[in-house]
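Trainee: Sequence:
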Amino acid sequence: MSAQDIPSGRDSDNDYTSRDGQKQAPIPVQKDEDAVESGINSATEDSDAQLERDDKDAIDQSNVIDGGRTRGAAKKAGSYTEPDDEAGMPDPSDGTSRGATEGVQDSSTADAVQ
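Residue numbering for the sequence shown follows the working numbering, beginning at 13 and increasing consecutively.
No lab work stands behind these hints, which were simulated from the structure alone. Glycine included, C-beta positions come from ideal geometry on N, C-alpha and C. Hints should not be assumed to be uniformly reliable.
To be verified - SDA-like mimics (lysine to any residue), calculated; alpha carbons at most 20 Å apart, straight line:
(1) Lys-68 with Ile-52
(2) Lys-43 with Asp-27
(3) Lys-43 with Asp-25
(4) Lys-68 with Asp-58
(5) Lys-43 with Tyr-28
(6) Lys-68 with Glu-57
(7) Lys-43 with Thr-29
(8) Lys-68 with Ala-89
(9) Lys-43 with Asn-26
(10) Lys-68 with Thr-56
(11) Lys-43 with Asn-53
As the list claims (entries may be wrong) - Just the calculated beta-carbon pair ranges, DEER-fashion:
(12) Gln-73 with Asp-103: 54 to 62 Å
(13) Ala-86 with Ile-52: 39 to 47 Å
(14) Val-76 with Ser-105: 56 to 64 Å
(15) Ser-74 with Asp-97: 47 to 55 Å
(16) Lys-43 with Ser-74: 41 to 49 Å
(17) Gln-42 with Lys-87: 52 to 60 Å
(18) Asp-27 with Glu-64: 52 to 60 Å
(19) Asp-96 with Asp-66: 47 to 55 Å
(20) Ser-74 with Gly-100: 40 to 48 Å
(21) Asp-44 with Asp-66: 25 to 33 Å
(22) Glu-94 with Asn-26: 54 to 62 Å
(23) Asp-58 with Asp-27: 25 to 33 Å
I would like the entire structure built from these sequences, with the hints used as guidance.
Mentor: Below, the structure written as structure tokens:
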């Protein structure tokens with residue numbers, strides 16, 4: 013292994029960037045080192061005041077349900093019963109279950125059974 017194969021610790025890969033002649037494309041791919049516009053006032057973007065405004069914007073108090081309004085919304089005890097193990101299964105007499113054919117010899121399966 014040569015020294016070139018050892019990672020330098022930098023997290024940068026510019027192999028995917030747009031070529032110089034393609035930088036005018038509708039969505040050019042920038043290099044990792046290129047400056048990126050923030051879109052927020054750099055003087056206040058990391059301030060406690062900005063974080064407080066973000067919290068207020070994120071939590072719209074008109075959408076918060078008051079304490080006891082959902083109490084009792086659950087189903088009453090005993091109003092729901094789980095289906096038994098046979099629910100959704102075909103009736104044994106319809107011929108599709110193994111139990112219905114046990115002991116009955118069909119001419120097409122007689123050789124296989126013996």
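Trainee: Against this structure, judge whether each hint is valid.
Mentor: Now the hints, each set against the structure:
1. Proposed proximity of Lys-68 and Ile-52 is supported: the alpha carbons are some 17 Å apart, at most 20 Å.
2. Straight-line distance between C-alpha atoms of Lys-43 and Asp-27 comes to about 9 Å, which keeps the hinted pair within the 20 Å bound.
3. About 8 Å separates the Cα atoms of Lys-43 and Asp-25, which keeps this hinted pair within 20 Å; it holds.
4. Of the supplied pair hints, the one linking Lys-68 and Asp-58 holds, its CA atoms being roughly 16 Å apart against a limit of 20 Å.
5. For the proposed pair Lys-43 and Tyr-28, the alpha carbon gap of about 8 Å is at most 20 Å, so the pair holds.
6. This hinted pair checks out: Lys-68 and Glu-57 have alpha carbons roughly 15 Å apart, not beyond 20 Å.
7. For a cut-off of 20 Å, the pair hint linking Lys-43 to Thr-29 stands: about 6 Å separates their Cα positions.
8. Restraint check: the Cα-Cα separation between Lys-68 and Ala-89 comes to about 40 Å, which exceeds 20 Å; the hinted pair is violated.
9. Restraint check for Lys-43 and Asn-26: satisfied, since their Cα atoms lie roughly 6 Å apart, inside the 20 Å limit.
10. At roughly 16 Å between alpha-carbon atoms, Lys-68 and Thr-56 fall within 20 Å of each other, so this suggested pair holds.
11. Using a Cα cut-off of 20 Å, the hinted pair Lys-43 and Asn-53 is violated, with the two alpha carbons roughly 24 Å apart.
12. Taking 54 to 62 Å as the suggested C-beta distance range, the pair Gln-73 and Asp-103 conforms, at roughly 57 Å.
13. Between Ala-86 and Ile-52 the beta carbons are some 44 Å apart, a value that agrees with the proposed interval 39 to 47 Å.
14. The hinted window of 56 to 64 Å between Val-76 and Ser-105 holds, with their beta carbons roughly 57 Å apart.
15. Taken as a hint, the range 47 to 55 Å holds for the pair Ser-74 and Asp-97, whose Cβ atoms sit roughly 48 Å apart.
16. Look at Lys-43 against Ser-74: about 45 Å separates their beta carbons, and that is inside 41 to 49 Å.
17. Gln-42 and Lys-87 have their C-beta atoms about 55 Å apart, which keeps the hinted 52 to 60 Å range intact.
18. Take Asp-27 and Glu-64: their Cβ atoms lie about 42 Å apart, and the range 52 to 60 Å is violated.
19. Under the hint 47 to 55 Å, the C-beta atoms of Asp-96 and Asp-66, about 53 Å apart, fit the expected range.
20. Look at Ser-74 against Gly-100: about 45 Å separates their beta carbons, and that is inside 40 to 48 Å.
21. For Asp-44 paired with Asp-66, a C-beta distance near 27 Å keeps the hint of 25 to 33 Å intact.
22. Against the hinted window of 54 to 62 Å, the Cβ-Cβ separation of Glu-94 and Asn-26 comes to about 59 Å, which satisfies the hint.
23. The hinted range of 25 to 33 Å is satisfied by Asp-58 and Asp-27, whose Cβ atoms lie roughly 32 Å apart.
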